[in-house]
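Reconstruct the complex from the two isolated chains, following the hints.
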Amino acid sequence: MTLIPGDKPGAASVASDTRQSKGPLTGVKVVEYGDFISAPFCTRLMADLGAEVVKVEPPDCGDSSRRYGPFPQDSPHREKSGLYLYLNANKLGVTLDIGTATGANMFRQLLAQADVLVENHAPGHLDKFGLGYQSLKEHFPRLIVTSITPFGQTGPYRDYKAYAINCSAAAGWSLIVGEPGREPLTPPLSMGHYISALSASTATMVAVIARRLTGRGQQIDVSEVECLNSLLSGVAANAFVYYGRMRMRHGNRSPAAYPYAVLPCKDGYMWMIAIQGHEWKRFLDVLGGGKPPDWYESDPRFKDRLKAGREYADELDARLAPWLMSHTKQEIFQLCRDNHIPFAPVNDIDEVVNNEHLNARGFFVELEHPEAGRLKYPGEPQKFSRTPWSLRSAAPTLGQHNEEVFCGRLGVPKQELALLRAGGVI
Amino acid sequence: MASAEYPLEGIRITDFGQVWAGPILSGLLANMGAEVIKIETRKRLDSVRLGPDNVERDPEKDPWFQCINRNKLSITVDFSDERGVALLKKLVKISHVVSENFSPGVLKRHGLDYDSLVKIKPDLIMVALPGAGSFGPMADLVTYGPSIVGLCGYDRMVGYEGERVLGMQQPYADVVAALYGAYSVLAAINHQQETGEGQYIELCQWEAATAVMGEALMESVMNGRNPGTLGNVQPGMAPHNNYPCQGQDKWVSIAIKTDDEWGAFCRAIGSPEWAKEERFADGFLRWQNRKEMDRLVGEWTRGRTHYEVTELLQKAGVAAAPCLSMDERLEDPHFQDRQAFVPIEHPVIGTGWVTSIPWKMSDTPGGVRTPAPLIGQHNQYVFGELLKMSQDEINYLVQEKVIY
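Chains as they are written, first to last, in this note's numbering: chain A, 6 to 431; chain B, 18 to 421.
Keep in mind that the hints were calculated from the coordinates and are not lab data.
None of these values were measured; they are calculated from a predicted model.
Be aware that one or more of the hints could be misleading.
Capping the alpha-carbon separation at 20 Å, the derived lysine-lysine pairs in PhoX-like fashion look like this [unchecked claim]:
id, chain 1, residue 1, chain 2, residue 2
1, B, 293, B, 274
2, B, 106, B, 332
3, A, 166, B, 293
4, B, 274, A, 166
5, B, 418, B, 106
6, B, 405, B, 110
7, B, 418, B, 107
8, B, 377, A, 142
9, B, 136, B, 106
To give an idea of the interface, some chain B residues facing chain A are shown, with a C-beta separation under 10 Å as derived from the structure [claimed, not checked]:
id, residue
10, 170
11, 189
12, 226
13, 270
14, 370
From the three backbone atoms N, C-alpha and C, an ideal C-beta is built for every residue, glycine too.
The following block holds chain B by itself, in its conformation from the complex (with noise of 0.2 Å):
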């Protein structure tokens, strides 16, 4: 039974996400109350557990597994083996919620896809997060996080305005695809408290980071013209760029739109003569000479520090924010002020620090309550307690390498 407090409390989640997108679609999930169990097997571990962060190059202390997989139990299961097979349907048994971003097949092959486990759990709701989706002439397609958002076209428009291509460099994808994802459940879950039915939901990455491209999907459908690299180019908003400060590589972001914010901004600068020149004397001159502007605003801001320049600005009710490092965001006030990021013990690593939730409920907030697991940690718990295993019959899986 749920409390206020963890509204998805009792919510229980078998998870075979692994790397990125799976991960954190369930760990929304966690962070409100849900169960969520990590399926994971020694013989292959979720790589984020040895990403390139990972100094120490153990899976236990991955500086970035910690954060996206916090709130969750681990259990070790080889599902290559049959008897792994018959343990995780015993679990979907009393789960709610599967959750999967495998490629197209893969579970299948080992009989946990949802036609084999609706028969199981007549009112399984389950989530599939595959690359490019499980139909269409591109469903074989291999797609890794970076690829996709190429494939959508979001990269093509990433690097500076007219130059080369550079792209995001980053799993952007996977966190709109988990976003969805996540809200998809919820609304399955919704529907099946209404009706107590489930379903099966497949999500395709691909589209789901093409779904939140609109403008530029239009724009092609509309006038049939590509939009090329963008930079900070943002039409009819000049300044709009982020400007070098004091120190080394920082530089504070300032856009202004109308007129009155123009105004605002050349008399918090000290009304300097170049901003009085008629080529900046209105919204269209200023976004034709963009670029000399930008020149221009740079040698003010220059001098001064990103926060100066932030303070300065915003008290004249212009539109300013520092570029924030890590560093200057875990000691920033308003993080802090907001607890962006949260201390929680880890048995191996000590106080780690992971990302608040990313909203704020007034009366079921959730939390972080638990680390992020120890691989194999909630064996006993899952095993024993939950699917009532007795003791020799876990030893002797764990002997055969089953729960492993």
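So here's chain A without its partners, still in its complex pose (with noise of 0.2 Å):
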């Protein structure tokens, strides 16, 4: 097969020193104007690609993720944070007020020369600066605008501030996240931003695919609550609407065939799941040494699993407890890996990062940033045999590309980014 060049796709695509991508959307000019991170993510992943983004941040504070962290050491340094770094790889970064007259102006240049622009301001936000969606299609027919906010573009909640968490309210996503009783729990790191940033480029591809037919631009709404609702909370509708069964929170567990828990381990947590009975046999062999444990055998209960998953839980995890609190959570994958068991450890972040099969896939990869130093970053999961993703810059420091961007593609005259930076534009 002509997949994976020398076995290491990820690695062996890096080449830090190098604007040249082979990659699948190389000639694709994007401008992001975007914050924290879904709108920088989506453009994260089409610059991985070979895009080529520009990345406009206002002046002097730049995009809020370079506030937040994490920092080396737990050292705050706008030119050091880790979610900053990782969102904003691959791209060339300018800096512009687009509430100045000038500002504004120089944005409708960039404009001009891209493919795609992708935003994540509030329903409006650019409307203000002359450069909403309509003024925008007049002047740029062939335009592609994604926007991405947390209710959309129309509806009643369009104007609704949202942060993750009340998207994730909204969605009826947290509803089935933590303990019957006790509070819904948002999914973790802002979740619902990555997966609008990724419903966000899958449209935005299918836009630059049709513009070939069309010779048209468009606009494209996304909603973070809808694509968390779409893809994930609102596909059991049919379930409410038919059979009135609602999915809620179940803890640790899911109402299936016993086993589909995490339960706890002598150094960790474990993910029991076995679809298939055989997979719980074999289990069930290695717990009695070779044929399933006496307390097993002799009750007729836990012969039905999805009964068992549903009636008994508790009693069986409790028979579990001993034997998997004696052992480790690589003493037990080991032995389901030999014995043909699902069951897979609750890694640590650590584990993950150092993790032997991960890094022999070349998924992580190194890159140097003039301030925060060499650091090992995850890549992109997508392997192709012919266009491979590639990692050719890391993330700019606020302005870095203000002279290449408006000397080298505006014509600004050099002498005059002096005073645009004075004016309070770049």
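Right, dumping it as structure tokens:
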């Protein structure tokens, strides 16, 4: 197979000193006017596949993720935020205050050269500067404008203010995470932002392909709440409509055939899941030393795994606990792998970063940044046989490419840069 | 030829997708007009046809299957029979994309791997979504959606702050991998339209679920720290939680980041004495004393409905939203205005409700055109019309249980 150069596609395609890309989006030009996670992650995905992304940040403070961290040695520094560095690699960075007349004008000139604008400001924010979609459409009929917001560009809640926790609440996503009777849990790390970003990059690619047929750009309205509802929490709509069933919180388990739960062991937690009956049978054999343990064999209540999962799960957990608590994750995992049992460890984050398998696959990549130094970053999960993703440059320092972009692309005379800075434009 | 409304019309996908990740991937493309032909066999049905909410145990009536498989066609082919393999090769020859999420090696055993198929269709785009990838020391790992969320470390953070791990308990990694997969296929189509070249894409679900955890991984890389269970804690934000409201299992989310938002919140709830206390005077103190503050905020929300609290706080410019259950979302004015749920007529279940496309495109919107297919519903169309097989041949293969 032509797949996977050197069996290490991630590592093989890293070329931090060159801007050359062989990615499938080579030639696509993107302007990002985004903040924090959703829009920046959307354009990072596109940049990794070869698109040229110019990230526009407000002068002085920059993207808010620069203040978020984590920071090396816990020392806050706007060029060293781990979140910013991860989300913004492979981009050119410029500063521009679009609230100034000159800034808005320069922003329009950037868009004149672009295929795609990705932004995640509140609906109507860009209109205030004469940069709303209707105006952009008139000037740049081929431009694709992708907007990511909590509730979308239309509807009664469009102007609602919402952070990730509010989006996962409204989408009904939080209601299915946590213990019954206690408060619902929002999925960690603002995960809704990432899911809306992935949706936005997918929709943007549809628009890039559609434009070949129609010759026209368009507006893409991505609502984080809708993404979560459409792909995750809303999929069971018919189960409610027809059977009155609603998924609720079940703590560390799901109401499915036993076992389907996260259970503690000696040094952490194991995902105990066996969809096929023979997988569970093999585990019982391990437990009983070649045959299922007597307590299991002698109790007919446990034979129906679906019933056991709904009614006797606590009792079964207690039966397994002594064995689980006397074995480590790695011991259990090894035994399970040897015996074709699909139980898996719940890894700690450092176990992921140092994972033998992920590292052998070249998933993590190292990259030098002028301020933050050499760090290990997660890579892209796609391995294209012909057009690999590539990591070409570290995240930009604030305004790093002002001269290159403003003078080189927009033709601003170099002597005006200082004036633009003094005027608060860049 | 594609219409503006369905921009992927004319792109045909042979879809071996099963369960969650694969079908969600192809479903995203079907929404936009791609012709997705789902390969099934009565010998071994897609397990989602008989999921836990399928009360009647009828594979044509599974409520979840309806949603993720709408807009697709279904044919039944037993490819453990080599005549079935031959049929599928004919189909791949007239397809543009092949999608699959079997364990690594399954398709190869039947001669349906990329190396075999690219000989029939030189510019083929093929995407595979193996759980742990096709190479590496754990490539043979048997994974299920939930265990991938454990392997990638995400579940380690899901639980009440500092308490035991609970985990997400849902096919969340499948959705992340499916989105990466659909995006990658579209990128490959873009490359093909530019150059005429197809290619193979391997998308490891474990890696996909890991790639969306940037800040936690960077924390480990930079400071060697492992986050434990996080509850509803968001660094630097307080209040930041779901608070109890009037009614059974009703909650409202409230999130405050800045001093301005805190001021607006205090005014909106009637400037109670506790809010003026020294221990809540700035963002850092509020963060430190968040547990006590959560209790006090909860006392205020408890007597009100989640919608009331939301409206009151949103008017003041404070981020709040109710935790909406399925019945509430179906009735909610915003969800209705945005048509977040779409009715579709299904020949067996009647009117089904499926979720909208996760984005709205102004010029090429796509849509929900057909319900999830019955098992083998499109055998006649695919074998007769597309592959131009004679009726005798089709009947013979049905009788032989190759088309089965």
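Any CB of chain A closer than 10 Å to the CB of residue 170 (chain B)? 4 Å, holds
Residue 166 (chain A) and residue 293 (chain B) were given as a pair; does the straight-line alpha-carbon distance stay at or below 20 Å? 24 Å, violated
So if I understand the rule, the pair passes when the alpha-carbon distance is 20 Å or less; does residue 274 (chain B) with residue 166 (chain A) pass? Judged against 20 Å, a Cα distance of about 12 Å means the pair holds.
Between the alpha carbons of residue 418 (chain B) and residue 106 (chain B), is the straight-line distance 20 Å or under? Distance of about 18 Å is within 20 Å: holds.
Hint check: residue 418 (chain B) vs residue 107 (chain B), CA-CA at most 20 Å. Holds or violated? Holds - the C-alpha atoms of residue 107 (chain B) and residue 418 (chain B) are around 18 Å apart, at most 20 Å.
Would the pair residue 106 (chain B) and residue 332 (chain B) pass a check requiring their Cα atoms to be no farther apart than 20 Å? 60 Å, violated
Proposed proximity, residue 274 (chain B) with residue 293 (chain B) (alpha carbon, max 20 Å): Satisfied, since the Cα-Cα distance of roughly 17 Å is no more than 20 Å.
Take a quick look at whether residue 377 (chain B) and residue 142 (chain A) sit within 20 Å of each other, Cα to Cα. 17 Å, holds
Are residue 405 (chain B) and residue 110 (chain B) close enough, with their CA atoms no more than 20 Å apart? 13 Å, holds
Does the CB of residue 270 (chain B) sit less than 10 Å away from some CB of chain A? It holds, given that the least Cβ distance between residue 270 (chain B) and chain A is near 4 Å, below 10 Å.
Agreement of residue 136 (chain B) and residue 106 (chain B) with the hint, judged by alpha carbon distance not exceeding 20 Å: Holds, at roughly 10 Å.
Close enough to count: is the Cβ of residue 189 (chain B) nearer than 10 Å to one in chain A? At 7 Å from the nearest chain A Cβ, residue 189 (chain B) passes the 10 Å test, so the hint holds.
In terms of the numbered hints stated before, the structure departs from hints 2, 3, listed from lowest to highest.
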